[in-house]
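J.: As a plain string of letters, each chain reads:
Number of protein chains: 2
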Amino acid sequence: MEIRKYEMLEISLGHAELEKATEENAAVFQFCGTPEEEKKQIKVPAFRCSGGEYRVRFMPMHEGLWKYRILAGTQNSGGEFLCTAPAENMHGPVRTKGEGFVYDDGVRFLPFGTTCYAWIHQPEELRGETLHTLENAPFNKIRMCIFPKSMPYNNNDPEVYPFRKKEDGSWNVNDSDPVFWDMLDAQIINLKKLGIEADLILFHPYDRWGFAQLTQEESCTYLRYCIARLSAHSNIWWSLANEYEMVHAKTLEDWDEYGEILLAEDPYRHLISIHNFLQLYPKKRWMTHCSVQSGDINRILLWKEQYGLPVMIDECGYEGDIEYEWGNLTGFEMVHRFWQTMCRGGFCTHGETFHREDEVLWWAKGGKLYGESAPRIAFLRELLESLPGEWKPIRRRIGNPNADLSDPAEAESEKKFKEMMEKFPQDIQDSFYAQTPLQIESDQFRLLYLGHACPSRIHMQLPDDGSWKIELIDVWNMTRNFLIEGVRGNICLGLPAKEGMALLAVKE
Amino acid sequence: MEIRKYEMLEISLGHAELEKATEENAAVFQFCGTPEEEKKQIKVPAFRCSGGEYRVRFMPMHEGLWKYRILAGTQNSGGEFLCTAPAENMHGPVRTKGEGFVYDDGVRFLPFGTTCYAWIHQPEELRGETLHTLENAPFNKIRMCIFPKSMPYNNNDPEVYPFRKKEDGSWNVNDSDPVFWDMLDAQIINLKKLGIEADLILFHPYDRWGFAQLTQEESCTYLRYCIARLSAHSNIWWSLANEYEMVHAKTLEDWDEYGEILLAEDPYRHLISIHNFLQLYPKKRWMTHCSVQSGDINRILLWKEQYGLPVMIDECGYEGDIEYEWGNLTGFEMVHRFWQTMCRGGFCTHGETFHREDEVLWWAKGGKLYGESAPRIAFLRELLESLPGEWKPIRRRIGNPNADLSDPAEAESEKKFKEMMEKFPQDIQDSFYAQTPLQIESDQFRLLYLGHACPSRIHMQLPDDGSWKIELIDVWNMTRNFLIEGVRGNICLGLPAKEGMALLAVKE
Chain Y
1 MEIRKYEMLE
11 ISLGHAELEK
21 ATEENAAVFQ
31 FCGTPEEEKK
41 QIKVPAFRCS
51 GGEYRVRFMP
61 MHEGLWKYRI
71 LAGTQNSGGE
81 FLCTAPAENM
91 HGPVRTKGEG
101 FVYDDGVRFL
111 PFGTTCYAWI
121 HQPEELRGET
131 LHTLENAPFN
141 KIRMCIFPKS
151 MPYNNNDPEV
161 YPFRKKEDGS
171 WNVNDSDPVF
181 WDMLDAQIIN
191 LKKLGIEADL
201 ILFHPYDRWG
211 FAQLTQEESC
221 TYLRYCIARL
231 SAHSNIWWSL
241 ANEYEMVHAK
251 TLEDWDEYGE
261 ILLAEDPYRH
271 LISIHNFLQL
281 YPKKRWMTHC
291 SVQSGDINRI
301 LLWKEQYGLP
311 VMIDECGYEG
321 DIEYEWGNLT
331 GFEMVHRFWQ
341 TMCRGGFCTH
351 GETFHREDEV
361 LWWAKGGKLY
371 GESAPRIAFL
381 RELLESLPGE
391 WKPIRRRIGN
401 PNADLSDPAE
411 AESEKKFKEM
421 MEKFPQDIQD
431 SFYAQTPLQI
441 ESDQFRLLYL
451 GHACPSRIHM
461 QLPDDGSWKI
471 ELIDVWNMTR
481 NFLIEGVRGN
491 ICLGLPAKEG
501 MALLAVKE
Chain E
509 MEIRKYEMLE
519 ISLGHAELEK
529 ATEENAAVFQ
539 FCGTPEEEKK
549 QIKVPAFRCS
559 GGEYRVRFMP
569 MHEGLWKYRI
579 LAGTQNSGGE
589 FLCTAPAENM
599 HGPVRTKGEG
609 FVYDDGVRFL
619 PFGTTCYAWI
629 HQPEELRGET
639 LHTLENAPFN
649 KIRMCIFPKS
659 MPYNNNDPEV
669 YPFRKKEDGS
679 WNVNDSDPVF
689 WDMLDAQIIN
699 LKKLGIEADL
709 ILFHPYDRWG
719 FAQLTQEESC
729 TYLRYCIARL
739 SAHSNIWWSL
749 ANEYEMVHAK
759 TLEDWDEYGE
769 ILLAEDPYRH
779 LISIHNFLQL
789 YPKKRWMTHC
799 SVQSGDINRI
809 LLWKEQYGLP
819 VMIDECGYEG
829 DIEYEWGNLT
839 GFEMVHRFWQ
849 TMCRGGFCTH
859 GETFHREDEV
869 LWWAKGGKLY
879 GESAPRIAFL
889 RELLESLPGE
899 WKPIRRRIGN
909 PNADLSDPAE
919 AESEKKFKEM
929 MEKFPQDIQD
939 SFYAQTPLQI
949 ESDQFRLLYL
959 GHACPSRIHM
969 QLPDDGSWKI
979 ELIDVWNMTR
989 NFLIEGVRGN
999 ICLGLPAKEG
1009 MALLAVKE
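Taken in sequence, the protein lines are chains Y and E.
Numbering follows our numbering, in which position 117 of the first sequence is assigned residue number 117; successive positions increment by one, without gaps.
Here our numbering runs 508 ahead of the position in the second sequence, where the first position is 1.
Heads up, some of the hints might be wrong.
Stated by the list, open to error - Derived, one-sided and incomplete: chain E residues facing chain Y with beta-carbon distance under 8 Å:
| id | residue |
| --- | --- |
| 1 | His756 |
| 2 | Lys876 |
| 3 | Cys962 |
Simulated from the structure, these hints should not be mistaken for lab results.
Bear in mind the structure is a predicted one, so any value in this text is a computation, not a measurement.
C-beta atoms are modelled at their ideal positions from N, C-alpha and C, and glycine is treated no differently.
If we strip away everything but chain Y, and leave its shape as in the complex, we get (with noise of 0.2 Å):
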């Protein structure tokens, strides 16, 4: 038997005799090549589907021979695998990489996401159509709940739940309806067939069926029928929660405890997030990366300091004309603020939310997209994917960006004043400085984003070696015009005084 590296490989364990005993049935997997040090024994759950039938589910992360072994009631067989190199375009489960991204194979991975968060729960054709979309579009991320979602807009049933229920009505975590997972499992596959991670949001409080009041027992049981069953696809985050505080029924234990299963029982270490309504989850061991709702992108900064996780704005309002003031964004913000946060070391999440009679508005539904954003953040996409190595966010000097230092009276003046920024919290000091220009750098390049500045001109301290060339760049409009090349140094440029400039300085 082959299987390709990062693949799902999934192994029936039969059927009745193994209903009473369900949490001893596994699978232990084994890695027979190089390296040693991988040749630890990892130990997977099986998980019920359809017809009552146990399967484990595994995703070899090295190549060579694997060995393993089942274990279930009486049974104990086994079977061994070669892992061969992956498909082209696969390349493993996300990782964390310094403040940003890498897949499992180190190419570099920069989220853009996208928030969808029913769309499974919809009907089939309504699936494909979003589908159709991500497919045009320039997304590599979609948060998703795996419950179904109440609120306005979301007022459709769907047509089959995660669980069937008990006699009395409630529902049984014990009994997962395999109609549920198994369209899960192929919208998952769909979504890496287009090169999406699906950021699975395995908690929120939009309910009105009962999940958000399940008791904690409950939760658990859910959740590790979602690692035995979901973890061995490579493209799947957990999320813990959209907007934990508002999960009424649940502490900050309660996440805490799902955190620490996820860290124990996901053998792949797929990402772990939580997702905040007003304040941040305070750290844990088990978090992966910030997972932000807020749109005061300035605390990017604060938040990298104070986790020491790359920061991901995954709710900052959507593009569109709904009531609600986060369903509004023109698309020049919407944009803007991708350009924002991406230049000030952060990763942004998109969403759609145009009225519409039908209520199919592809934030919570899919559909198709209306809106102005798409393009120019597919743009955005193509010039950081084009940008060499990793970057930095830089907070700008502080004090006038022109002061001659060499003046006695102009270095003490600067002085003081820097003395004194640095009495207050570092929030208040990045809340006065670097609004304009936003500026992320490697020693290859310098993006500055001027945002709603309009600045004629504007001072670049470029380094006083090599040489350099720059463009401008307008991020609505979608154009990169060539300015000056051949420079270095302190250069004063001339600018447009308009919205929504860029400017990239690149090494020659």
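Got chain Y; can you put chain E on it based on the hints?
T.: Same frame as chain Y, but now just chain E:
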């Protein structure tokens, strides 16, 4: 002798014999009419003016007979005068009233400020141009420095300084230069004729001549000269500082001393504020209102609660195209900040900074206005001045504006949400809620400002009684379009889903 209420009486105390004991030179004024409680003696100090002559100035605040005695060296003369009704457009000094301002005669004053820090330090021709511009502009308050200003675009030296120098080259604060002060008097009077309040900035950090380095004793001498000389102008406000934290030579206690001196020695109790760089100066008894540098309009509600004073956003950036981020707002953004601020219950100040090779930028030197915001600020001013009574900003109802509270489940959910929200500090609550629409209201009207939000519909909760008429306002195109009348209670209105919309509902 007759003088109109709120006008300035000036009495000469003669010359030579006074020079040794200036601090004892004064005049005492006493009102002889009714009300009885105003019959206390008002002592006003003399000040030295042109030719070494000493004078006292007085502004009577009550109609009727006044007597005065002059105390000057061995002199002890006196006299009386009749204070008659004020000129038609003279309303006296501005006072605070609740969350806003009124003139001394009770007429409402809605400040619409502008900023020309160093306009009086420019050549006469340019000052004339500034006054001509102000005559046709919507501003009724101007932020201006007594000391000259040193900063980018502020490289020229003034023709005259407030003091003459000692032989060692340092300023002699006891030797005020009458040429300067006569000029300043003339400009305050010119502003008064235009109905403009002179918000006089007493100290500021942007200095290359040594005024920011005066000792505390010297600074107090200068302050007392200002009081003696300027306080009888009805249209002055005292602004202790531009950016107090940046004046590194002064301590928090130094600023408090200036406030205490003004409180004790300004007979007219002109408004007193202190403008910040990053953090508001702590509340003091001499403070009449908050003069704030900030773009964080959500904090207006918080500051009003913390200080119990009207809040003026005296610096929130300027319309223009210069390199500094505080000086390259679009016209729309400047107008938006006025609307935001006023619909949060504050007051706002304009400035303009378009780059010019001759360095004549309105924000510093006056001259002409080149931007697009001033006519829109005029439109806003006309609108607000037409609205009856006093208004308050409102915090929008927490939670889903469309929740059906007669449904127990929705009511419970709203209750839990409200409880959760109330655990957060007020500023976090405010940062989340009511960004849009911002709203002010009285029992006669409701004004909602939508800012950058672009909804295609909006719910309004009007009172269930009365009959209301609604207009749609386009803050940039300066149009007011009738939408509907004869409505009450909860209604839902269609909107054009574009930026810069406001709704005015007036009780018919």
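J.: All hints, please: hold or fail.
T.: The hints, checked one at a time:
no., hint, in the structure
1, His756, "holds, 5 Å"
2, Lys876, "violated, 17 Å"
3, Cys962, "holds, 5 Å"
In the structure shown, a violation is registered for the earlier hint numbered 2 alone.
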